[in-house]
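Peer 1: Whole structure, please, built from the sequences with the hints as guidance.
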Amino acid sequence: MRARFDHALFIALLLGLVTVLSQTVLIRELMIATGAFELVVAVGLSLWMLFTGAGAVASVLFPILRRPFAPPVLLALVAIIAVGQLFLVHPVAALFGTVGGMALSVPAMVAVTAIVLAPGCLVGGLAFPACVATVRGGAERTGLVYLIESVGMALGAALFYLFMEFFSPVRHPIFLAHYGERYRPEELVLSRDGRSGRLDVTRRGDQTAYFWNGQAAGVAGPSRPAEAFAGFALTQRPDPRRIAVIGGLLAGTAVEVARKSPEAVVTVIESEPMFEEVFAAGTVGRNGVLRFGDPGAVLRELPPQDLIIIDLPAPSSVSLSRFFSREFFSFLQKDNGPAMVLVVGLSGGQGMLTPETAALNRSVQLALRAVFRKVLLLPASRHLWVAADNDLPTADPVFIEERMERRGLAGDWFNTALVQDVIEPMHRELTGAAIEKADARENRLLRPAALFETLRHTARRLDRPLPSLFSSLPSRPLSYLGVTFLFAVIVAVALSRLTRRRMAPARSAAIFAVSGGAFTLQLALMALLQLHVGQIYHLIAIFTVSFTVGLTAGLWVSRRMVLPLNLSAGALAFLSLATAWSADSATGAAFPVAMNFLAGLSAGLSFGTLLRGSGDGGGAAFYLADLVGAALCGLLFGAFMVPLYDLRWVFGAVAILALAGMAAGSVRERASGR
Amino acid sequence: MDRRIFPALIFLALTLTPAFFYLSGRSPDDVSLLRKAEYAEPLSGGKVRCELCPHRCTLSDGQTGVCRVRRNIKGTLYSLVYGRPVALNNDPVEKKPLFHFHPATKTLSIATAGCNMNCNFCQNWEISQAAPDSVTPYDLSPAQVVALAKKNGSDSISFTYTEPAVFFEYMRDIAKLAREQGLRTILVSCGYLNEKPLRELAKHLDAANIDLKGFTDEFYRTYTTARLQPVLDTLKVLKQERVHIEVTNLVIPGANDTENEIRELARWVKKDLGADTPLHFSRFFPKYKLTARPPTPPVTLEKARAIALKEGLRFVYIGNLATDAGEDTFCPKCGKRIIDRSGYFIGSNLLKEGCCPFCGETISGRWR
Ligand code: SF4
Ligand SMILES: [Zn+2]
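Protein sequence lines, in the order shown, are assigned to chains A and B.
To get our numbering, take the position in the first sequence, counting from 1, and add 10.
To get our numbering, take the position in the second sequence, counting from 1, and add 1.
Incorrect hints may have been included.
Said to hold, decoys possible - Restraint ranges, calculated between C-beta atoms of paired labels, are given here:
#	chain 1	residue 1	chain 2	residue 2	range
1	A	Ala380	B	Asp273	39 to 49 Å
2	A	Asp406	B	Lys177	49 to 59 Å
3	A	Asp216	B	Thr223	20 to 30 Å
4	B	Asn153	A	Val299	27 to 37 Å
5	A	Glu415	B	Val300	51 to 61 Å
6	B	Phe359	A	Pro101	55 to 65 Å
These are computed hints drawn from the structure, not numbers from a lab.
All C-beta atoms, glycine included, are put in the ideal place defined by N, C-alpha and C.
Peer 2: Here is the structure:
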């Protein structure tokens, strides 16, 4: 039987491959179309799982899906719909925004994501039970189909970059569709997909503009914001010999810094390697050196710097938030010695601080104060936080002007009038007081408070401020965990009742919990990877594959031998706690990837045990519990908790989920043992 | 029980819970802290119509106007922001921008939350698009504001950043008091205000910079949710009331940047406000919801300036961009440079008694 080619299994393999490819491409495009708010990734993945789960449930309504031709037809449909979905992203987004390329409100973003993803996911959800129904050996082999689909997913993840290049010819029309009728950039010079996002370069009139993930990020040539930022930063360290700029390439700060300090060696550090092909070596002037890689790693190789300027976008992700954390500041202090001056750029707004920006500034101020002896604020339109263990930094306009004159830093925009405007006494006093008063926690590596405040700020920008209930969550971890666990239990019970004719309720609940725990652990490990290694998009494929390979191996092993659930789910709990134990020590990429493999392995072993002897139609029931468990728990205990609490709380939640799965599983075993 | 009820329940639970989190948290109003709004027309059934701006919101009990800062509470319209500014800065007057009004002086700039337009490119959205209870205000009476301006050596008080029309009562009271105490007053506004309150306000105003955001009604409707004509009317009224006017046009790529639109705008300014009215073309930077558009290309701004000069306007400036001449004042008669500016910095001011030092031509403006 096994020797002969079983086309249902082959379809399952392709299904996994197509699913991962379209997921990655669609979610990236959705992000670009809706305003590059990272929330869309969490929303997209959760909706993806929910719709697929709904499709799986709906499959019982269509007996025709048990016919042998159903899987290939559905697969073809999924592939065709995926292409349609891609072209649907921008037109659907345009329905919700009044003008082309406008960032959408949060409800509109969720609606666009739902509309775009629904068709493909529903059909995809039908396809899995169809494969199970038509595979030789029937529903007994649900596990095998799942295994094969997982292998397909792993392949799809690995193929992603190849696919991105294959995809390049259609990028131009998609880029133009982004702007709708009203606005057409005259010329798209280039469009490249990199590890961390997409860069588009356009020309209109005499201006070359950069778009990062669809959002205008800067222009080539001089610009006033860059001139002001660079000017103020350079006055904070007299006669620097070595300057490092982290970020600032698209925004133009790096170029300005190099231009205004011809005597210094200026190292500009960018973490996106794709920029290496786009920006020529001379971009940052003769005294500038472009380095690509993780800023921490690059700085470790450099001799001590006199001035370090961090000019990054707002900390809207875990990997960005770490550059504003106490741990990173403390690394810079140790790595560069007491003569170094650090300048950190942060959203400000000329005395127009929202409670969220004030709190964001506060969280970084607290982190800087925990490390450096002297911390001061220059409240320009983009705030400059200056920190040092020496007395070189100054906020005295007389000194700043004197340094400006002496080093010839003055320009068309950075001049005495601007200095006096920024350091105007009332402005400084009021801004400083608003930040001191703001209610925020210190930004730490494992507790990204700056990320939380940035997300709140983005919610205000795109929609409206989050209610006070939400902003009080960071101080109430136990209430949060209590309510969310109760909610998860209600959903798990409802689900298991829904499918009780096809699968024992306790078994379904156990699958829900294990799947939820494993997926949450995957998200937590991903956060850990971002925290220690930096931008991880290039590692996502390897990371996802590591889980799927583990899962596949687990399912394969469990087909040959029965391992008690207590062992496999217990291993999941143990893994999570062990990771929590060592979460704050830098590990490199290997540790989280290995842990992720083991998480997949324990999930696979657990599923194998739980699937054994599941009756007819068990495939759909399993798929539903698996997907809903992963989606819901991933959202509640992973995506939401990471910005709210210390990462170790998330690992704790995973352990609880795994233990809950163990408990539910043992209910079944006792019942059937009797 | 029907089995299909469960998916429905799950779906409801999943959507309603975040919705509950999201929507909860509106605070009740303490009327004793609020100030009754003027220009309110009581209607039957406890409704009120606000006659302050062209939106003319009709509000039932508990409803708040488009501007988010005027609310009907039990049949009476209240201003939620009287005495509660959220932004206070001592700015150079050039930042407003006003180039023909007491150069190199400081102006105490003040704003409350709220705006009666909803421009998707708003450069101050943090406070303009905020409801008053979602930002942290200061507590300052008009007398305290005036005292603050004097203490900080300001020459004038500016009502700016958000839309001052929506804090009309507060603005008027400050302006009146400021004038009495020898300070000048400046309105920086989108010009969306009804004639009656505007004329009342104008009596206490020295200068105004009005944003003429575009010159088609379609632009106003799609980008700002307001209309063009009321803004033009405001400019004419201010002219009649002898307030010093400068006009700002934020040039947004693909939105209001066609040569035709700019020409029409310049023609209108010349015909209805006079060739001496300073016109500022300002460079757009991506902000608020319009973040997928690049800044205005320099060449577009240069072209706009050239068009307006050709149409006969005598003082046309470019803001937010480094140019050779875009921020400088030239004598319209002899063409020589009289005031040299970069950013807020005045390099040289050769003006003599409001006249060109080279040919004696009078340069319109309020210089002393
Ligand atoms: S001022 Fe406010 S409440 Fe009054 S009409 Fe205008 S938008 Fe409506
Ligand atoms: Zn002259």
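Peer 1: Each of the hints needs a verdict: does it hold here or not?
Peer 2: To see whether the hints hold, each was checked on the structure:
no.	hint	verdict
1	Ala380(A) / Asp273(B): 39 to 49 Å	60 Å, violated
2	Asp406(A) / Lys177(B): 49 to 59 Å	38 Å, violated
3	Asp216(A) / Thr223(B): 20 to 30 Å	27 Å, holds
4	Asn153(B) / Val299(A): 27 to 37 Å	45 Å, violated
5	Glu415(A) / Val300(B): 51 to 61 Å	33 Å, violated
6	Phe359(B) / Pro101(A): 55 to 65 Å	59 Å, holds
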